[in-house]
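Enquirer: Numbers in our numbering are just positions in the sequence shown, counted from 1, shifted up by 274.
Calculated from the structure, these hints are not laboratory results.
Incorrect hints may have been included.
[Said to hold, decoys possible] The calculated SDA-like cross-link candidates involving lysine to any residue, where the alpha carbons are at most 20 Å apart (straight line), are:
| hint | residue 1 | residue 2 |
| --- | --- | --- |
| 1 | Lys327 | Ala481 |
| 2 | Lys327 | Glu298 |
| 3 | Lys496 | Tyr479 |
| 4 | Lys608 | Asp350 |
| 5 | Lys416 | Arg497 |
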Amino acid sequence: MKIAFYEIEGWEEKIIQENFPKDEVFISHEKVGPLNLPNQNNFEVVSIFVNSKIDKKVLDSFPKVRLIATRSTGFDHIDLEACKARDIKIAYVPGYGDNTVAEFTFGLLLNLTRKIYESIGQMKETGSFSLLGMRGTDLKGKTMGVIGTGRIGKEVIKIAKGFGLGIVAFDPKPDINFAAENKVRYLSLDELLGSSDIITIHCPYNASTHYLINQKNISKIKRGAYLINTARGGIVETEALIEALSKGILAGAALDVLEEEGDTKDELNLLRGGHPREAALKTMLENHILMKMVNVLITPHNAFNSNEALLRILSHTLENIHCFEEGIERNLVKI
């Protein structure tokens with residue numbers, strides 16, 4: 275079988291080659307997408323990471339592909355309908371960084387509530403020991419609202435208990451047994467927004483969660499709360515978020531994800547891509563506003579990025595491909 279791996283780091287190459295000694299394997303450090311079409315196109319399996327974009331144009335460049343194996347839990351970078359029309363299967367990694375993302379969530383939260391980033395910046399830039407503007411707030415005794423109680427959400431809840439936080443949660447499919455064991459109260463979304471001192475997002479991104487937090491409900495957030503998003507940017511309407519931060523509804527936000535986050539990396543992307551969509555341009559400008567706000571911390575979609583998690587991602591992906599070769603369905607997206 276001919277297999278292509280894109281966005282591969284050096285340490286992964288040996289592991290991949292050892293796993294497919296009888297297959298024809300192509301390895302690239304580059305991503306694929308509408309602006310980065312492959313030079314070779316006879317692959318039956320294509321493995322990508324989240325920076326690659328698979329749409330109709332890209333699929334045209336892979337006429338023989340039968341499986342897209344994404345090394346991620348999310349798959350919003352893949353055109354599902356285009357794959358379905360061509361009978362292309364999509365394999366994903368359902369869980370690899372539950373504790374990894376949960377730990378990062380608390381790193382962001384502590385940076386936000388205790389002004390750690392600002393404190394370090396002040397020392398590096400000026401050497402000043404002044405505490406002016408550096409006062410933070412405790413976590414103990416506060417209420418954390420967890421949106422999404424899947425694997426990552428559950429890990430967040432377990433850690434939160436160690437900080438002495440009370441926990442409320444929202445999930446369309448509540449885990450009643452877990453809630454009883456961990457003293458979690460399930461609420462409606464509006465109730466959670468209105469009663470939480472900290473709101474942290476861990477639900478998947480799909481049609482039903484697009485702009486889950488939006489212009490209509492963001493004003494229902496308890497005044498002075500903090501928002502953490504390590505899930506997907508599109509779950510929170512950026513314009514509404516800016517308004518809530520500006521009006522003091524939110525005391526601060528820590529974001530590992532943004533809408534159209536690729537566009538914030540380099541404005542030249544707009545030029546290379548021709549005329550941007552109006553909505554994409556609007557969101558890009560809003561992201562720049564967020565990046566300049568003093569009560570906002572932004573990290574570059576880094577919550578998953580630990581040595582252990584990346585090894586788990588690769589291992590699960592290789593197993594997904596092996597199963598596909600043997601005619602076994604494993605971790606396939608239902609489309």
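Enquirer: Check the structure against each numbered hint from earlier and tell me which ones fail, lowest number first.
Expert: 2 and 3
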